[in-house]
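Read off the chains here:
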Amino acid sequence: DAGVIQSPRHEVTEMGQEVTLRCKPISGHDYLFWYRQTMMRGLELLIYFNNNVPIDDSGMPEDRFSAKMPNASFSTLKIQPSEPRDSAVYFCASREWDSSDEQFFGPGTRLTVL
Amino acid sequence: EDKVVQSPLSLVVHEGDTVTLNCSYEVTNFRSLLWYKQEKKAPTFLFMLTSSGIEKKSGRLSSILDKKELFSILNITATQTGDSAVYLCAVEGGTYKYIFGTGTRLKVLA
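These protein sequence lines map, in sequence, to chains A and B. All letters in the first sequence, in the order written, are residues 1 to 114 by the working numbering. All letters in the second sequence, in the order written, are residues 1001 to 1110 by the working numbering.
Simulated from the structure, these hints should not be mistaken for laboratory data. Just so you know, not all the hints are guaranteed correct.
To be verified - 25 Å max Cα-Cα, derived DMTMM-like pairs, lysine to aspartate or glutamate:
1) K1097/B to D63/A
2) K1097/B to E1069/B
3) K1067/B to D98/A
4) K1097/B to D98/A
5) K1003/B to D56/A
6) K1056/B to D98/A
7) K1067/B to E44/A
8) K1056/B to E102/A
9) K1003/B to E44/A
10) K1107/B to E44/A
11) K68/A to E11/A
12) K1067/B to E102/A
13) K1037/B to E96/A
14) K1041/B to D30/A
15) K1057/B to D98/A
16) K1097/B to E96/A
The model shown is predicted, which means the values in this text are computed figures rather than measured ones.
Isolated chain A, as found in the complex (with noise of 0.2 Å):
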């Protein structure tokens, strides 16, 4: 399996446009986390998806950032309309339904607002 695949990876875009990234979990895995990474608060956990169904949204910082799954196998996550607060490497992991607890972490899009 390639693992998590994540596109673009690294994005660079002005301030007010829409920017989507995508991810592609691992075949067969139930879960999917959507993660952003900064250097002041870390890496936090955005919404994650299981089954395609978003199950907790509280970590998603305002309604400029959306998320969807559409199928299994894909799942986007849109900042519309995007500000330099959003620049953040934006990681996508996926896991099984099982008891080891292993997230698969892409390798992270790294987004650059201006």
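Add chain B to chain A, keeping to what the hints say.
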């Protein structure tokens, strides 16, 4: 508010030294504590701990959890330059609600 605090924030040691990284937590619904290693890219899983006093080991790394005092330690013996990374502690405080600390940055000098 749930929180996870790691110490020290950074650490510089020489190869062969032993290091101890600390993680304390306050969560309302503890389920598990996890340690990750993050080099330049994505975090990679090291350990999951759910029970107090049971040490988990993997090679030169070991970890233990104290649920009474609400902390965990990660030990690395005979450190190598390849151990240089950020070590993250995360607590599951509610079903799949992971709270991460800001990490300890470890640098091992040759």
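Violations among the numbered hints | none
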